[in-house]
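Trainee: Could you put the whole structure together from the sequences, leaning on the hints where they help?
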Amino acid sequence: SQLLNWYEDGDWIPTITCGTSGTITLNIINTLSYTRIGKLMFIGGLLQVGSVASPVGELRVSLPFTVSNRAYLGQGSTSSGSVQISGSVSKNLNSFVITASANNSYAIVSLGDSSSGGNAAGEIKASTYIIIGLTYLAA
Numbered sequence: 001s002q003l004l005n006w007y008e009d010g011d012w013i014p015t016i017t018c019g020t021s022g023t024i025t026l027n028i029i030n031t032l033s034y035t036r037i038g039k040l041m042f043i044g045g046l047l048q049v050g051s052v053a054s055p056v057g058e059l060r061v062s063l064p065f066t067v068s069n070r071a072y073l074g075q076g077s078t079s080s081g082s083v084q085i086s087g088s089v090s091k092n093l094n095s096f097v098i099t100a101s102a103n104n105s106y107a108i109v110s111l112g113d114s115s116s117g118g119n120a121a122g123e124i125k126a127s128t129y130i131i132i133g134l135t136y137l138a139a
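The sequence shown begins at 1 in this note's numbering and counts up by one.
In short, the hints are calculated from the structure, not lab data. Computed from a predicted model, the values in this text were never measured in an experiment. Positions of the beta carbon are idealized from the N, C-alpha and C atoms, including for glycine. Among these hints, one or two may not hold up.
[To be verified] Simulated restraints, written as ranges between beta carbons of each label pair:
#1 125 - 69: 34 to 42 Å
#2 54 - 29: 18 to 26 Å
#3 42 - 15: 26 to 34 Å
Mentor: Structural data, given as structure tokens:
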């Protein structure tokens, strides 16, 4: 049997960036929580957008640890999660998906109805709430 070699939990303030252009800043509700057990990461929480300036592209949320390059959860994916966005410009609460790919230090929020990810950042406006739950393997 193996001993537990890493247990850590804490909070961090993620950086939100747009895949193409523009900016998104968070309000005072700006902290996510994480738990790391070995390489397994659990992150989650609630964020509120404070302001936006012409956001375009996918939405990127920084992670507390880089994603592993081991893709053994199936078809190259290294994460499993859910995201709900309340108060978006025009999409339903559950129109969005979140993924974290190998070797990245961020997760990507995209539109679930678009193979190219669509303009998820363009759906964000001031006072939008973003609820994130994500599990991934850390490097």
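Trainee: Work down the list of hints and note, for each, if the structure agrees.
Mentor: Each hint, compared with the structure:
Range check, residue 125 to residue 69: Cβ separation about 35 Å, and the 34 to 42 Å hint holds. Our hint of 18 to 26 Å for residue 54 and residue 29 holds, since their Cβ atoms are close to 23 Å apart. At roughly 20 Å, the beta carbons of residue 42 and residue 15 sit outside the given window of 26 to 34 Å.
Of the numbered hints stated above, the single one contradicted by the structure is hint 3.
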